[in-house]
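Visitor: The residues making up each chain are set out below.
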Amino acid sequence: MTALLRVQDLKKYFPVGKDLLGRPTQVVQAVDGVSFSVEKGRTLGIVGESGCGKSTTARLLMHLIEPDEGRISIRGKEFGNISGRHPVAELRRQMQMVFQDSYASLNPRLTIEDSIAFGPQIHGVSEREARQQARDLLEKVGLNPNVFVRRYPHELSGGQRQRVNIARALAIKPEIVLLDEAVSALDKSVQAQVLNLLSDLKKEFGLTYLFISHDLNVVQYISDDVMVMYLGQVVESGPVEQLYQNPAHPYTRALLSSVPSQTPHERKQHKVLEGDPPNPIAPPSGCRFHPRCEHARAICSSQQPETTRVEGLHQAACFMLPANPNHEKYIQLQEVSA
Amino acid sequence: MSADKLIDVRNLNVTFKGEEGPVYAVSDVSFDLAAGETLALLGESGCGKSVTMKSLMRLHPAHKTRIEGQINIDGVDLLSMRPAALSAMRGKTVSMVFQEPMLAFDPVYTVGDQIIESVMRHEGFSRVDARKRALEMLERVRIPSAAKRLDAYPHEMSGGMRQRAMIALALACKPKILLADEPTTALDATVQIQVLLLLKELQRELGMSMIFVTHDVGVAIEVADRTAVMYAGRIIEEGPVDDVLSNPWHPYTQGLLGATVHPGMDRKQALPAIPGSPPQLTRQITECAFAARCSYRTDECMKPMPAAYQAQTRAVRCIHALAEV
Chain A
1 MTALLRVQDL KKYFPVGKDL LGRPTQVVQA VDGVSFSVEK GRTLGIVGES GCGKSTTARL
61 LMHLIEPDEG RISIRGKEFG NISGRHPVAE LRRQMQMVFQ DSYASLNPRL TIEDSIAFGP
121 QIHGVSEREA RQQARDLLEK VGLNPNVFVR RYPHELSGGQ RQRVNIARAL AIKPEIVLLD
181 EAVSALDKSV QAQVLNLLSD LKKEFGLTYL FISHDLNVVQ YISDDVMVMY LGQVVESGPV
241 EQLYQNPAHP YTRALLSSVP SQTPHERKQH KVLEGDPPNP IAPPSGCRFH PRCEHARAIC
301 SSQQPETTRV EGLHQAACFM LPANPNHEKY IQLQEVSA
Chain B
1 MSADKLIDVR NLNVTFKGEE GPVYAVSDVS FDLAAGETLA LLGESGCGKS VTMKSLMRLH
61 PAHKTRIEGQ INIDGVDLLS MRPAALSAMR GKTVSMVFQE PMLAFDPVYT VGDQIIESVM
121 RHEGFSRVDA RKRALEMLER VRIPSAAKRL DAYPHEMSGG MRQRAMIALA LACKPKILLA
181 DEPTTALDAT VQIQVLLLLK ELQRELGMSM IFVTHDVGVA IEVADRTAVM YAGRIIEEGP
241 VDDVLSNPWH PYTQGLLGAT VHPGMDRKQA LPAIPGSPPQ LTRQITECAF AARCSYRTDE
301 CMKPMPAAYQ AQTRAVRCIH ALAEV
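Chains as they are written, first to last, in our numbering: chain A, 1 to 338; chain B, 1 to 325.
Careful, some of the hints might be misleading.
[As the list claims (entries may be wrong)] With beta-carbon atoms standing in for the labels, derived distance ranges:
id, chain 1, residue 1, chain 2, residue 2, range
1, B, Val108, A, Arg309, 31 to 41 Å
2, A, Ala104, B, Gln280, 19 to 29 Å
3, B, Ala35, A, Ala104, 27 to 37 Å
4, B, Asp151, A, His295, 33 to 43 Å
5, B, Gly264, A, Arg309, 26 to 36 Å
6, A, Gly17, B, Arg10, 55 to 65 Å
7, A, Pro24, B, Glu20, 32 to 42 Å
8, B, Lys64, A, Glu241, 27 to 37 Å
Note that these hints are calculated values from the structure, not bench results.
In this text the structure is predicted, and so the values were computed from the model without any measurement.
Ideal placement from N, C-alpha and C gives every residue a C-beta, glycine not left out.
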């Protein structure tokens, strides 16, 4: 089966600081060689801690920031601001985004209806049609159009505003929706409503989601596939059940075991990672996780581990995996004394 | 009121004077805290959990706030305290850590200086001794190369490290009570659990009591002995954390737990969300504030709410839960 969205070797380095001649003195390797693909109708969850590059990845996909390198294609059509690639405007008709801050992402001076009808008009829909569509969409996201069309963002609650943002994203009739921490700021009781809405809309419109979140429980619930990022790189990916039940990368294991238990009688013994995620300006050599990894050996600090198959579509980048081409070397080397 | 209660709050009402009339942020809240105990105030945004907490240190601006009721802290009536006594109490008897350490620290002083100042003021230490205590505290909260960090400014630290430094500052004068207002919410998962476990450990070592404000059921389970669930300015259910969160009595607690995504949920099933949203607190609500969203609602619910029903170690404010208990 061919992928709907395919991303190959995406890279973005941000310059930090300038010397006398205006040349950057350092770079943040925000996204460093990220590749993945999503099949139509599936939800890919992207998890990781702050600074891991998950939001930058989303912004690069939308071309809100220009990638340094890499290819983004939908149905085999490659998009970008380079000659020979399809224009970004067309990409944005097929892919839309919902952000975490529901208030900041709406123009405070536009009514809800104007906000939703704005995009389609830019893409050539007549005003009358766009407004009718906006009303229909409000109905679909559970807001009564007769009550809400004339309202302004500040008159709405956080949950209602996020529904408006979802309606606006859908107004262009995209195939893919990027949800960047879209439910993270909502209270749990409202979050559940919006998650249900997302599931319903996905079925109704045959959508494909990229669901970016730091909430591992929510990602497990909503995703079909999951990708774990650490310091700008993908360390593990695979179908949700396999990845959650049998995490292969030591970072994924630590991440999953750090989630507080949700039922009192299943209070876990936490395996706690030491230290904070390192600074992406000067990421560690070799495997970027090695300074925090209890299994690290000499090879881990000198060489980047290849992405290796764990089982089926489940893969991880770690020398500990038997299938890793350098696994033998890893076994032979001594433990690094802490 | 029994003597072993470090905190005893009775019928607390906090009303803010808003531009468009009063906001009834906290209504008729009563709870207590024993020595060495941890209580989690659990609830969603706007439920009054942080307002309750700040009242315990009298941090609300006096000219905009009306506080009624009784707050006794370590046997002293907080609401009649004079400003001098209040400053002596803050940081010494009761200390607080916040969600955003960048706002809690003064950016123009080093972390060490801020801890030293507090120790000199409350403990009467010399500067040299206070510096020793500050270093000891930074080591205790496991800040790497603590001696060097003592002279660091807040912005030179990572989020997790700043949060540890704030805990060091809060605990530098060995308070009897620590108030923690969502101290781990802004932290990454792997750092959050480090800080939670650290707080628990320090609490045991120093024999403190703790009140922990959180919206996260998981966090309450990790740290607390007891929990009080708040909704629309009231405590609607209270009891041992294991009992309340494994067998909730109040329909809101039931709804909140049901709506919280947890592992092992059926991914094909819709989440049991609570319909609607919490009420505005611009009106004094006398009936059950959850009634509008509640599936058990009857006409009885719209009458003034009865006092909490107590059953051994637990309490609940719902006439329907009463019938079940």
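Visitor: Give a verdict on every hint.
Guide: Going through the hints against the structure:
no., hint, result
1, Val108(B) / Arg309(A): 31 to 41 Å, "violated (54 Å)"
2, Ala104(A) / Gln280(B): 19 to 29 Å, "holds (23 Å)"
3, Ala35(B) / Ala104(A): 27 to 37 Å, "violated (45 Å)"
4, Asp151(B) / His295(A): 33 to 43 Å, "holds (35 Å)"
5, Gly264(B) / Arg309(A): 26 to 36 Å, "holds (27 Å)"
6, Gly17(A) / Arg10(B): 55 to 65 Å, "holds (57 Å)"
7, Pro24(A) / Glu20(B): 32 to 42 Å, "violated (50 Å)"
8, Lys64(B) / Glu241(A): 27 to 37 Å, "violated (53 Å)"
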